[in-house]
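Now for the letters of each chain:
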Amino acid sequence: MPSFYEIADQLHSWLNANFNPTWVLIIEMVLAGVAVIGLFAVLGLVLVIMERKVSAWMQIRLGPNRVGPKGMLQSLADTVKLIVKEGMTPSGADKFLFNLAPYIAMIVAMLLLAPIAFAGNFQLWDINVGVLYVSAISSLSVISVLMAGWASNNKCSLLGAMRSGAQIVSYELTAGLSVLAIVVLAGDLKISAIVASQSDGWWIFKGHIPAIIAFVTFIIAVTAETNRAPFDLAEAESELTAGFHTEYSGMKFALFFLAEYVNVFIVCALGATLFLGGPMPLHIGNWEGFNHAMDYVPSSLWFFGKTFFLIFLIMWFRWTFPRLRIDQLLNLEWKYLLPISMINLLIVTAMAILKWHF
Amino acid sequence: MKIVPVKKYISDVFGAIKSLATGMKRTMYYFTHHKEIITQQYPDNRNTLELPERFKGEVVMPHDENNEHRCTGCQACELACPNGTIKVIFKNELTPEGKKKKAIDKLVYHLELCTMCNLCVEACPSDAIKMAQTFEHSVFDRSKLTKVLNNPGSKIMEGVE
Chain A
27 MPSFYEIADQ
37 LHSWLNANFN
47 PTWVLIIEMV
57 LAGVAVIGLF
67 AVLGLVLVIM
77 ERKVSAWMQI
87 RLGPNRVGPK
97 GMLQSLADTV
107 KLIVKEGMTP
117 SGADKFLFNL
127 APYIAMIVAM
137 LLLAPIAFAG
147 NFQLWDINVG
157 VLYVSAISSL
167 SVISVLMAGW
177 ASNNKCSLLG
187 AMRSGAQIVS
197 YELTAGLSVL
207 AIVVLAGDLK
217 ISAIVASQSD
227 GWWIFKGHIP
237 AIIAFVTFII
247 AVTAETNRAP
257 FDLAEAESEL
267 TAGFHTEYSG
277 MKFALFFLAE
287 YVNVFIVCAL
297 GATLFLGGPM
307 PLHIGNWEGF
317 NHAMDYVPSS
327 LWFFGKTFFL
337 IFLIMWFRWT
347 FPRLRIDQLL
357 NLEWKYLLPI
367 SMINLLIVTA
377 MAILKWHF
Chain B
2 MKIVPVKKYI
12 SDVFGAIKSL
22 ATGMKRTMYY
32 FTHHKEIITQ
42 QYPDNRNTLE
52 LPERFKGEVV
62 MPHDENNEHR
72 CTGCQACELA
82 CPNGTIKVIF
92 KNELTPEGKK
102 KKAIDKLVYH
112 LELCTMCNLC
122 VEACPSDAIK
132 MAQTFEHSVF
142 DRSKLTKVLN
152 NPGSKIMEGV
162 E
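Protein sequences, first through last, are from chains A and B. First residue of the first sequence: 27, per this note's numbering; consecutive thereafter. First residue of the second sequence: 2, per this note's numbering; consecutive thereafter.
It should be emphasised that the hints constitute simulated quantities derived from the structure, not laboratory data.
Here are the simulated lysine to any residue pairs, SDA-like style, with alpha carbons at most 20 Å apart:
#1 B:26 / A:81
#2 B:103 / B:76
#3 B:26 / A:340
#4 A:232 / A:314
#5 B:107 / B:145
#6 A:107 / A:90
#7 A:96 / B:39
#8 A:216 / A:163
#9 B:131 / B:118
#10 A:96 / B:36
#11 A:361 / B:21
#12 A:361 / B:7
#13 B:9 / A:362
#14 B:26 / A:80
#15 B:107 / B:74
Each pair of labels, with its calculated beta carbon distance range:
#16 A:64 / B:29: 28 to 38 Å
#17 A:354 / B:37: 28 to 38 Å
#18 B:48 / A:238: 51 to 61 Å
#19 B:88 / A:72: 53 to 63 Å
#20 A:95 / B:7: 51 to 61 Å
#21 B:44 / A:63: 38 to 48 Å
#22 A:95 / B:34: 18 to 28 Å
Keep in mind that this is a model prediction, so the values were computed, not measured. Heads up, the beta-carbon is just placed ideally off N, CA and C, and yes, glycines get one too.
Just chain A, same shape as in the assembly (with noise of 0.2 Å):
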């Protein structure tokens, strides 16, 4: 089976035979772009139906199960509908904002996707700040956020949105000490350099338990800046009706839902890069029969494998939690998760100079 690198590589080398180099680099950008927005649909869909059997099964119920075998084809019904419903625009609002919204949460999911490493050598942009550009951009979504609540010119979106600002603003700073944990270890920020470093074995097991440590601040950090349960103040049902996507429908409504879960996805396989080795396989020091059997699941395998158990986890959280308050969401933040993952930064640094982890 001929690997997703080789592919885009032969790809690549066609383009080059029979067109010119601009036209090559014009439809290599189309093709990206359209592989992109595939991606986005497929795991709209994958996602929102694990979501509901994965709640369903947590709160002993079934489930959708009407619509396809065992419902799997749930999603593909509910998208339907979404798109032929009419995308109002409230009299109220501020329309352009309104209406530019949506679009701004899609497009900040998608620069995301940029340096994420799909499978082995299978980049779209390898940079060499890879992961400073997620976190840069990842902390963008909270404009779209402010925009939505403050354009519905509605209490419950505006209170919703200025929730979400305190929240992501607050825990930006967790998530992004606890990867300059890993950066420091694998003492390079560019994604390809960090897979790289953990052929012999992943961060986690490698950097002892300081790297458990900031695995653990890394997904509760990250389950609040993709405002999910049980950080889900901004959407907040039971208070806000739906926080800042109240007066969304439609078209503009699926794109907001799009867009959480692309995030998810986002952050999760962000997540697998850098804790869970990304597409290296499992290595198990010196076992060379089981680390050979190993090399032969395909690395695109390993990456979604590791992205989806991060996504089961995150809302396996969802579906077991209840909603914190803001007063102890910020408490959880500040008096917490910041100092206990700015210690364990220190002792990460100190290992990384001391050469202590393997």
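Assemble the complex: chain A is given as a structure, and chain B must be docked to it using the hints.
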């Protein structure tokens, strides 16, 4: 400003992790044990439907084989009902000795008003009424929901006062 001792801070963190893990263990148990699912796929399993013992569908008055019920007409159910669902209508009956005795003519039950609160059943001193498990109550005419609980021609059971 209150300063939290370091020892309490650390024990808080570990206590939080422990309690979160307990919750996650429970949901993981449900996630992996599909036989625990309590959803009833109602119209599909209509023939094999098993309702819980305390399920409350409507108020009925059980009669025995001689068409006798246990209702004395004490009106305790009518008084207990919070929204006037039950009306007791009396008639006078002659006992074998020739005395007049109060008995029920009709015990009218408005299903459309009933909230299945069970207060009438609890109030009844002679166990004359109980909750049945029937629940498919939809009809095309509202007047069909007004029911007379005692069968026509029924009388009170011997020995119930």
